[in-house]
Structure formats: structure tokens, C-alpha cells
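A.B. asks: Here's the letter readout for the chains.
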Amino acid sequence: MGRSTLQDMIAVSLFAAMTAVGAFVAVPLPFGPVPIALASLFALTSGAILGKWLGALSQVVYVTMGLAGIPVFAEFTSGVGVIAGPTGGYLVGYIAGAFLVGLLVEYLPFASATARAVPAFVAGTLLIYLLGVPWLMLETGMNLPAALVTGVLPFLPGDAIKIMIGTVLYLSLRRQLPRLVRSEGRALVQRQAEGK
Amino acid sequence: MSRLRASATPIGRYHPGDSLLHRADPRSKLVASVLYVAVLFLVRGYPPLLLMAGLLGAGFLVARVPPAWLYRGMRPVLLLAAVTFVFQLFFYGEGATAHLGPLTVYQEGIREGGFLAARLVLLVLSGTLLVLTTQPLSLTDGLARLLSPLARLRFPVYELALMMTIALRFIPTLLDEFERISLAQAARGADLGRGGPWSRARNTLPVLVPLFVLSFRRADDLALAMEARCWRGGRGRTSRRVLAFGWRDAVLAVAVAAVLAAALWIGRFR
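Sequence lines, in order, name chains A and B.
Each residue of the first sequence is one higher than the one before, counting from 44 in this note's numbering.
Each residue of the second sequence is one higher than the one before, counting from 378 in this note's numbering.
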């Protein structure tokens, strides 16, 4: 059964809302003061489940909500101030990251979904930092080592965990909601169609 | 036994009130806050910054936001501002003024660090004031109307606004559902807060998977309900609440324009 535009739009809204909820929910970690915020997990998962375009769109909706001033960012902040502020790069990274994860889950030439999902989530996480760290440096005048210490290192263990959760979440939703998951391995499907 | 928890900081939530700022049109408040942030990034030096802090302070006074409440929500931002300041203190510029052990404090660093930290705080406070005085639905409504000229360029403004509104409606439902599912799993013996990081991570899955499955089912129900009611997109739709530019917006516009212009003027001579 195909999905209507309206169904797609609502699924996109749902992921935008999920990312917002993820920004409010903190999983306490046994080490370090920084809890894992689940927002980036849901941002990347949106790409894996909805596909690159709709996944990125869901994050555009999320960021636009924050831009409009609805307190959906971490610590219930919002507004142009946050996007323009030191952590704005991470938020833009959510959009790019969702797209990249969707792209890789779709096109990586591996037969198993796990083998496609893990590198996709890793690449998405890296892309978020690639946009977030220079932005942080620019805003606070930190140099690279300082930015890495405040903006990357404390989050790495959490990221490893999130990559794992994201992968398992994608795999189990793929089984339970096959109708929804649209980013199947395209390369693989084509190869099967060609009878190889 | 601990469950997954949702943190509840008051900041960034609508603070009910009846002030001039509360009753102003969301569009004028949105434009004012965007301009404020833009000017904040344009000016250098303390005098314009002080002027802009004054404007924001006046806004908080008008909106009657309890300072203690505000402080509680601002703590993480203040911490980041402090880190910014301390960093600049040691790694910037010339003119050593003090020595703390092996580290040298530069005069230039104090000035630059103070500036960056103050700008950071103002940045966040300006967005906070908007949210404290405007209901979320008015915000999406206001943003959609501000962007509506883009609809002529085939940019899907109404669809974006609809998705924002639906997402907004989903948030409390998802939070409730999250709470309920983690209680239900706890009742079945799942211990969500024990063990090393890996087992903790694995333990979130019995909450996340049902959360997603349930939510998508609900999302499809909503789509069906809207289609059954012949929803056909945003174009040409009318709204029950019509936004209007009133005297409050004129007051706001004049005050903001005057202060921002003055800040730019002062900043020009530096």
C-alpha cells in the first residue's frame, strides 16, 4: 500500500516532535556530568526510517519550530539566539546528518541492513560534529583543542551508545513497520531485480 | 530503581500574563527578536551592548517575569558564558595584568571575554523573552504569516506551518506516552537505570520501540481522519483567529527600532 502525501507530512511532524522530546529527555550516564540527550539520535533515525528527503525535512521542521521561538531545543531553549549561538552548528548538523544517514542506508552496497545502518549512523554523527565544532569555535573564540574538549569529547561515549540504539531501533522498526520504512537498500533491490 | 526521566526546567515555557508584550502581535515580536539578534552580532564594544541589555531588561520588566524563576532556567547558559570568559582570559591578546601560577591573564582577554560572555547571555535571553510572552500556537501562526510571501515562490509555507502545528501537538502526547511505557516496562521488571552504559542503552529499546510503533499508528489515524474530513492543504484556508497590527505593536516597533538604531550608531564610532 502506498502512502499519501498527508501521511508523509504527519510522519515528518512526528519525527520533528520526537526530536523535540529527545531534547527534553536525558539518560543519566554513570560517568561524567553530561547526560545523553536523545535529540541527535532521533534526528539521525529520522533519516534512516523516513529516507533522506523526508528525514531531513523532519529536522527542518524541528529547527524551524525552534527558530519560531517554541522551546524545543535542549534545556527548553529556542529562538534565533540558539541557532545563531554557539551550539547552532549542531542543530544545522541534524538536518544534514538526517539526510546523510538516509542516503547511506539507501545506497551503501551491503546486503545486510545492519552493515548499511552502522556506517550510516557513524557518518551522520561525524557530520553533526563537522558542522558543530567550527561553529562553536567561531562563536566562543575557542581554539580547536578547547572546542574538542568542550564540544566533542564528553559526548563521544554517548554517541557510541546512540549509534547502537539508532541501529537497533531502525532494524526493529523495519521489521514491525515495513510500510513506513522507505529507505531500503536501493543498490540491493536493483541487483536482485537484475537477477544476480 | 530509576526510570528514564524527562527534565523539567521552567525556562522557555510560556509564562501566562496580560502585559503589553503578551498581547502584541506574534509577528512583530518575531521580527523584533530577529533584528535584535542581528544587531547583537553587528556591534562591537560595551556601550552598545549595555544599551541593548537595557532594552531587554525593560522587556522583562514589562512582561513581569519573576527574576528568580528566570535565573533558575538560565543557569546552564551562565555556565557556558563563564567558560567562554575564562577561556578568553588566558588565551587572548597582549598586556599581561596578572599571573595565576603558570597562567597569564591578559587585559585584552578580560575585555574580549566579558564581551563574548555578555553577548551570549543576551542572545539567549532575547529568545527567552519571546517564548515567555507568546503562546506556541501563536508563534507558528505568526511565522507562517511572515513567510507567506514565499508561497508565491512555491515554497510550501502552509505545509510547513501545518507540520509545525502537528508536531507541537504531538510533543505532550509523546512525553506522556514515554512516561507510561517506561512505567509499564518497569512494572514488567525492566530496570532501566542499572548496569553499565551498554546495558542501559539496550534498556531504552523496550521503551523506544513501542513508543515509535504506537506513535506511527496514531499518526496514520490522524492522516485518515484529516482525509475523511476533506483536508486539502493550506491555500485559501481561513483562520479563526485573525492577527492584527495594533497600538501595542507600534509601541514595540518604535522602542526596538530606536534602541537598535542607537546601538548601531554608537557601535559605529569604535
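Derived from the structure by calculation, the hints contain no laboratory data.
The structure presented is a predicted model; accordingly, all values stated were derived computationally and were not measured.
Hints are not guaranteed to be accurate.
As the list claims (entries may be wrong) - Partner residues aside, some chain A positions facing chain B, computed with beta carbon under 8 angstroms:
(1) ILE113
(2) ALA154
(3) THR157
(4) LEU187
(5) PRO188
Said to hold, decoys possible - These stretches of chain B come out as covered by chain A in the derived footprint (C-beta under 8 angstroms, 3 or more residues):
(6) 427 to 438
(7) 489 to 499
(8) 597 to 607
Said to hold, decoys possible - Some chain A residues judged to face chain B by a derived CB distance under 8 angstroms, without partners named:
(9) LEU170
(10) ILE208
(11) LEU214
(12) GLN219
Yeah, the Cβ is synthetic: ideal placement off N, Cα and C, and Gly gets one too.
A.B. asks: State for each hint whether it applies.
C.D. replies: Verification of the hints:
1. Among the interface hints, the one on ILE113(A) holds; its C-beta lies about 5 angstroms from the nearest C-beta in chain B, closer than the 8 angstroms criterion.
2. Interface hint status for ALA154(A): violated, as the beta-carbon distance to the closest one in chain B is roughly 24 angstroms, over 8 angstroms.
3. Taking 8 angstroms as the C-beta contact cut-off toward chain B, the hint placing THR157(A) at the interface is violated, the least distance being around 15 angstroms.
4. Interface restraint check for LEU187(A): the shortest CB-CB distance to chain B comes to about 12 angstroms, outside 8 angstroms, so the restraint is violated.
5. For the restraint placing PRO188(A) at the interface with chain B, the shortest Cβ-Cβ distance is roughly 10 angstroms, beyond the 8 angstroms limit, so the hint is violated.
6. Counting residues of the region 427 to 438 of chain B whose beta-carbon sits less than 8 angstroms from any beta-carbon of chain A gives 0, not enough to reach three: the coverage restraint is violated.
7. As drawn, the region 489 to 499 of chain B meets chain A at 3 residues by the rule of a beta-carbon pair under 8 angstroms; at three or more, the given contact holds.
8. Counting residues of the region 597 to 607 of chain B whose CB lies closer than 8 angstroms to any CB of chain A gives 5, so the stated coverage by that chain holds, three being the minimum.
9. A distance limit of 8 angstroms between C-beta atoms decides the matter here; for LEU170(A) the minimum to chain B is near 21 angstroms, and the interface restraint is violated.
10. For ILE208(A), the suggested interface contact is upheld, since its CB lies about 5 angstroms from the closest CB of chain B, less than 8 angstroms.
11. For LEU214(A), the suggested interface contact is broken, since its CB lies about 10 angstroms from the closest CB of chain B, more than 8 angstroms.
12. With 8 angstroms as the threshold, the beta carbon of GLN219(A) comes within range of chain B, its nearest partner Cβ sitting at about 6 angstroms, so the hint holds.
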